[in-house]
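Enquirer: Now for the letters of each chain:
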Amino acid sequence: MTPLAGYLLVAALLFSIGLAGALTRRNAILVLIGIELMLNAANLNLIAFWRYGPHPEALTGMMFAIFSIAVAAAEAAVGLGLVISIHRHAHTTDLDALNRMKG
Amino acid sequence: MQESISFTPQMLASPLAEILWLIPAVPIVASGLIALMKQPKRKTAAALAIGSLSFSLLLALAAFGHVVAGWSHGAAVRETVNFTWFQFGATNVDLGWVLDPLSAVMLVMVTFVGLLIFIYSTSYMAHDENFTRFFCFLSLFAGAMLGVVIANSLLLLFMCWELVGLTSYLLIGFWYQKPAAAAAAKKAFLTTRVGDVFFLLGIVWLFAQTGTLLFYNSGTGSMEAGALTTLLAQPAALGLSAAGAIGLLIFAGAAGKSGQFPLHVWLPDAMEGPTPVSALIHAATMVAAGVYLVARIYPLMHAGALAGGSTAPLTVVTWVGAFTAVFAALIAVAQNDIKRILAYSTVSQLGYMMAGLGMGGVAVGMFHLITHAFFKALLFLGAGSVIHGCHEEQDVRRMGGLRADMPLTFVTYAVGMLALCGFPIFFSGFWSKDGILEAARHWSVARTPLYMLVFGALLTAFYMTRQVGYVFFGHWRGHKPAHESPAVMTIPLAILAFFAIALGFIGTPAWPWFHAFLEGHAAGFDIHSLVEPQLLIVMATSIAVVFLGLWLGWRLYGGPAPRPGDPDVLEAVAPLPWGWLRDRLYVDEFYGITVSAFYSWWASVADWLDRRVWGGLVAGVAWAFRQWAHLNRFLDMHWVDGAFDKGCEELSTGGGLLARVQNGRVQTYLRILAFAVVALAAILFWSSRP
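Protein chains in written order, with my numbering: chain B, 5 to 107; chain P, 253 to 942.
Keep in mind that the hints were calculated from the coordinates and are not lab data.
Values in this document were obtained by computation on a predicted structure and should not be read as measured data.
Possibly wrong hints are sitting among the right ones.
Only part of the chain B face toward chain P is listed, based on derived beta-carbon distances under 7 Å [said to hold, decoys possible]:
id	residue
1	L27
2	L99
3	N103
Sample of chain P residues with no beta-carbon within 12 Å of chain B, all distances over it, derived [claimed, not checked]:
id	residue
4	E736
5	D835
6	Y851
7	R878
Listed next, with one range per pair, are the computed distances between beta-carbon atoms [unchecked claim]:
id	chain 1	residue 1	chain 2	residue 2	range
8	B	A77	P	G907	34 to 44 Å
9	B	N103	P	G906	47 to 57 Å
10	B	R92	P	Q914	44 to 54 Å
11	B	N103	P	G899	52 to 62 Å
12	P	S940	B	F53	12 to 22 Å
13	P	A911	B	A77	55 to 65 Å
14	B	F53	P	G906	41 to 51 Å
Every residue, glycine too, gets a C-beta built ideally from N, C-alpha and C.
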């Protein structure tokens with residue numbers, strides 16, 4: 005097993021845990037946490053492909069990961085802001101209760 | 253016959269001729285202004301009408317002076333101002349006006365007589381509540397009539413001619429509350445329309461042949477040599493040339509307007525209008541328009557005549573005129589309404605004018621027109637004064653002895669009556685009527701018109717004496733005593749009476765100033781022509797006839813007239829012919845059983861066609877469309893609507909199904925997304941394997 009495969013397995017495991025959390029948790033904040041986990045699994049993949057790719061001397065993968073983390077931070081801020089706003093509006097963060105946006 | 257002087261070239265229209273259009277325009281504008289006024293503004297309305305006509309009179313006098321001045325310098329004036337109204341294709345339709353002796357004389361006559369009658373009307377109509385409307389119509393009439401006079405284009409003349417007819421209709425029916433007045437107005441309008449249809453046909457034909465409707469236009473007008481030659485060369489039906497046929501058609505229009513037999517029936521009925529209207533329109537000016545028209549187109553009527561000969565249109569004019577003269581005079585003998593007597597006398601005198609035109613030319617007819625305008629206006633205004641004084645009584649049998657009550661009216665009326673009878677030497681009617689008789693003596697075609705006109709003169713003297721005997725002599729047979737009219741009515745009478753005498757001396761055989769002026773040669777004083785034996789015979793005959801008529805009339809009606817219920821003197825002698833004459837020789841009844849009966853039959857046929865045939869057709873079509881609409885409705889409801897409804901239902905169901913997926917739960921969406929990604933990844937994975 006190559007080192008790259010190990011990294012990819014860890015990343016896949018991390019993504020699966022994140023996806024399971026996002027799909028099963030009812031609390032909006034926990035869903036957000038799951039999403040963050042999936043995001044970081046993707047970042048791990050980016051780093052791994054860069055490090056074991058054909059041009060490890062160019063810092064492309066690292067730059068991409070740092071950008072992605074910055075965007076994830078902004079996204080987490082917006083997401084938490086939305087959750088607070090929803091909580092103020094509906095007095096709950098239970099996603100099953102927030103089903104008014106249906107056709 | 254003296255040599256006629258050449259007419260001046262038309263390029264040199266004087267400034268006066270340029271503004272000639274103001275003469276009709278000012279009264280028409282005044283009429284428009286009066287129409288906008290309120291009823292109580294009587295003084296303003298009358299002042300506006302009289303002021304505008306005074307302006308026209310001054311301008312007409314200036315124009316007349318201009319023409320006389322030109323003539324006395326040896327050049328007969330004929331100044332025209334023409335302009336193009338519109339053009340279609342290569343054809344121009346021109347209008348214009350003309351200043352020549354004929355129009356100048358008529359302008360002065362119409363404005364002068366009109367002005368006197370306007371002034372008279374302010375008093376006669378003083379108590380009428382529609383005073384302003386009356387002056388509006390009068391003014392419009394004066395303008396339109398002056399337009400007829402100055403027109404240099406048959407089209408412009410026709411327009412003004414119809415306007416004159418319209419105002420005549422409006423004024424006859426001025427007291428439209430009276431059914432008789434309304435009926436008379438309709439009758440006048442329709443009867444003159446019969447003539448006008450022929451007139452219009454003549455105009456169209458003339459335009460088709462010559463391409464112009466101008467009378468005079470530097471040699472290219474329709475009354476000038478070039479066009480007349482073309483017209484003469486063009487044959488029409490019945491051996492007439494186109495000139496003759498067109499002349500006859502236009503004469504039909506003139507006969508309608510001038511009350512010539514058989515279109516005379518409207519004129520006596522027109523006396524239902526106010527008396528000033530009868531004087532102005534139905535005695536002095538409008539009815540003379542027909543005579544004026546024939547004088548205007550005289551070159552066309554006369555075209556092709558050999559020296560001393562006559563043409564077909566002129567022969568017809570003469571016979572119609574002479575017949576009308578006698579026919580109407582006969583009826584006038586047996587009438588009892590003061591205005592109706594005068595109306596038939598007008599018809600008869602118009603016949604004289606037509607006969608004079610036909611036999612003696614423009615000057616003879618026009619001279620009688622001018623003198624007649626003055627003395628007939630005088631007689632009508634006198635009759636108005638009598639009617640006014642007798643409290644709106646019009647039946648001569650209920651008058652009598654008025655010479656003491658109304659001395660001024662009596663004197664002036666007597667002057668008018670003697671002028672109409674043709675009392676020798678001192679009255680204008682004598683000279684103008686004598687001119688016609690003299691022309692009849694020279695006429696080459698037949699002698700009969702001379703005898704007819706002499707007989708007519710006898711009748712004229714007779715019926716006028718009868719009327720004056722009834723009205724002014726004998727004793728009073730009315731209810732309330734009569735009174736003299738105010739000065740504003742009698743002064744116009746006096747002025748007209750003066751002219752009824754004085755005008756005769758401008759046209760005597762010894763000094764034919766008027767004829768020379770109209771025909772454009774020098775006037776000479778020649779006392780010898782007065783004592784020419786042939787002429788003396790005619791004059792002596794006419795004098796004898798007039799005296800015979802006067803004597804007969806006086807003999808029968810000079811004494812105490814019968815009471816209203818008693819039969820007339822002549823009726824006692826010959827009741828049967830008297831009855832025929834009193835009933836106006838049954839011309840109206842004849843039209844009643846022919847023309848009117850035909851039209852009502854035709855109307856009922858049309859009505860039947862409308863109701864049964866066309867009405868049924870329309871109803872059938874409507875039924876078919878209704879059935880078609882029912883069919884459409886059925887198809888709509890059961891086929892088109894059904895399909896549409898079904899489609900809508902399916903769409904709605906589909907929408908409901910899809911809406912179930914959208915349950916609003918975020919995690920469900922996420923799950924579907926995850927499954928979809930997995931499925932997509934699986935497809936990619938398996939499909940990328942070799």
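Enquirer: For every hint, state whether the structure bears it out.
Expert: Each hint, compared with the structure:
{"no.": "1", "hint": "L27", "in the structure": "holds, 6 Å"}
{"no.": "2", "hint": "L99", "in the structure": "holds, 5 Å"}
{"no.": "3", "hint": "N103", "in the structure": "holds, 3 Å"}
{"no.": "4", "hint": "E736", "in the structure": "holds, 107 Å"}
{"no.": "5", "hint": "D835", "in the structure": "holds, 100 Å"}
{"no.": "6", "hint": "Y851", "in the structure": "holds, 81 Å"}
{"no.": "7", "hint": "R878", "in the structure": "holds, 48 Å"}
{"no.": "8", "hint": "B:A77 with P:G907: 34 to 44 Å", "in the structure": "holds, 41 Å"}
{"no.": "9", "hint": "B:N103 with P:G906: 47 to 57 Å", "in the structure": "violated, 22 Å"}
{"no.": "10", "hint": "B:R92 with P:Q914: 44 to 54 Å", "in the structure": "violated, 25 Å"}
{"no.": "11", "hint": "B:N103 with P:G899: 52 to 62 Å", "in the structure": "violated, 32 Å"}
{"no.": "12", "hint": "P:S940 with B:F53: 12 to 22 Å", "in the structure": "holds, 18 Å"}
{"no.": "13", "hint": "P:A911 with B:A77: 55 to 65 Å", "in the structure": "violated, 37 Å"}
{"no.": "14", "hint": "B:F53 with P:G906: 41 to 51 Å", "in the structure": "holds, 45 Å"}
In this structure, the earlier hints numbered 9, 10, 11 and 13 are contradicted, and the remaining ones agree with it.
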